[in-house]
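S.K.: What follows is the residue order along each chain.
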Amino acid sequence: MTSNSSRNEPLLVRGLLILVALTYLGLFLGAPLVTVFAEAWAKGPEIYFKALGQADSLAAVRLTLITAAIAVPVNLVFGLCASWAIAKFEFRGKSLLMTLIDLPFSVSPVISGLVFVLLFGLQGWFGPFLAEHGIKLIFAVPGIVLATIFVTFPFIARELIPLMQEQGREEEEAALMLGASGWQCFWHITLPNAKWGLMYGVLLCNARAMGEFGAVSVVSGHIRGLTNTMPLHVEILYNEYNFVAAFAVATLLAALALVTLVAKSLLEWRYAAELNSVKRA
Amino acid sequence: MSVLAHRLREPSVIPGFGITLGVTLTALSLVVLIPLSALFLKAAGLGFSDFIATAFDSRAMAAYGLSFGAALVAALVNLFFGTLVAWVLVRYRFAGKRILDALIDLPFALPTAVAGIALTTLFAPNGAFGSVLEPLGIKVAFTRLGVILAMIFIGLPFVVRSVQPVLEDLESEVEEAAASLGASRLQTLWLVVLPSLLPALISGFALAFARAVGEYGSIIFIAGNMPGQTEIAPLLIIIKLEQYNYAGATAIASVMLIISFVLLFVINRLQHWRQSRMEGR
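Heads up: the protein sequence lines correspond to chains A and B, in order. Residues 1 to 281 (my numbering) make up the first sequence, in order. Residues 1 to 281 (my numbering) make up the second sequence, in order.
Derived by calculation from the structure, the hints in this document are not laboratory data. This one's a predicted model, so the numbers in the text were calculated from it and none came from an experiment. Careful: at least some of the hints might be erroneous.
[As the list claims (entries may be wrong)] What follows is a list of derived Cβ distance ranges for each label pair: (1) B:165 / A:16: 21 to 27 Å; (2) A:136 / B:126: 38 to 44 Å; (3) B:95 / A:239: 36 to 42 Å.
Even glycine gets a Cβ: it sits at the ideal position worked out from N, Cα and C.
Just chain A, same shape as in the assembly (with noise of 0.2 Å):
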């Protein structure tokens, strides 16, 4: 960085900025995070771990990993699918493809679970057909799991697009030349090189996919212990006024807000030229 006089304010100035933005990330970021966990283990740990083991905080833990264990690769298949299409040919559409993948991004999560329970649920499309059949999408695992998809579809996509399109495709045409087969190239070349970009994605999309809120909390129903992800068990508990078992819940979401944050972080320091397109993206 260049210190030049011209580019640098007086020391005051520079302290008194630093100063306002510590105290608005000190206020809007440290101090909730905080919270969470004086409020967790502000009855002691023993109290913290009965609030955890309780049976329908476990099922909450289970509901939302499947949840997640579902959603994330299939919108790792799609992700890989639409960058191969869309990095490595040109075709008519593009940018209107592109557009309509950013979509989930500007409807508010409500709406994402909203248009689910219109297509399956009991009022909805094909509610009296699934009725008929005896098949359960809303208030059941699979409305959450299709709200999930829905909410985090771009994630993944939108990491490996520029990435796919500035890495170019000679490297691939070069392996095609030699003989290799499209899987090979996919294998060698491609993969490898746009693994820390899928990484980065996969993190984001299953740290979404996880916390998701709105989506999932209208199409769940919330019965105890079957439709209950952990974001909602939270919801729950601290509506009944059970305040130290609802941060403690919270405290293992916030754990995997850190953690997202910490591999994401060493992902951009370590790997900051592989994943420059993507930041600047």
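Chain A is already provided as a structure; the job is to place chain B on it using the hints.
M.R.: Okay, now just chain B, sitting in the frame of chain A:
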């Protein structure tokens, strides 16, 4: 298929266009496009007068007013402080800068329900911040101010993350030239730095705004949810759904979606127009 593919795209030796684009379009249609069009078809089936009556009654109008108004205030706050934080992170050196930089993305990683209960606990009348503010006559929790605060939290990363890379790439020569030609530091910032940040500022602002408008999880705990007072539009959708009023929920959701899409489209055009004008000079 191959004839069609040839007409739609430029020829390439790389295989797999048909299958990857096919998977992409199928997944996009099933997960995003069909569910979203279900919403609009349902809304279209309501009939014009019914739609107007449910979508624009006084309670709904108050909810839109709060969702869009509070989101505007929150995005403006984030525009100012986000730029400041980005500036501090890019230009100054201080201890703990990397940790702070990593922490910026907390609102992306922390599940919204967790943020919601933490903010509510902090700003409740007996909370760490609330107990200080309450004697001063400032009520945050269960008021509109609380809604704005939660929206500030959720939108915090957008402006920082869109301004940061542009600020990093800004060439020092431009500022030095301005300074050597006799511009004061403030003049340089206002007339040289700010115009080059403008596209990033607009997109950061728009993203923060769009996110805040649709946000649900972090707001409902701190809002108090009084109809007509502190009831956000996404919550009203959920309330209608819980009353099995699918038509009402659909009407409000489609109004919100249309406004969000139009806003994003306008901002997108604005940015394109600016960029092409900047490049033209």
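S.K.: Hints first: check each against the structure and report whether it holds.
M.R.: Hint by hint, here is what the structure shows:
{"no.": "1", "hint": "B:165 / A:16: 21 to 27 Å", "in the structure": "25 Å, holds"}
{"no.": "2", "hint": "A:136 / B:126: 38 to 44 Å", "in the structure": "43 Å, holds"}
{"no.": "3", "hint": "B:95 / A:239: 36 to 42 Å", "in the structure": "41 Å, holds"}
Of the numbered hints given earlier, the model fails none.
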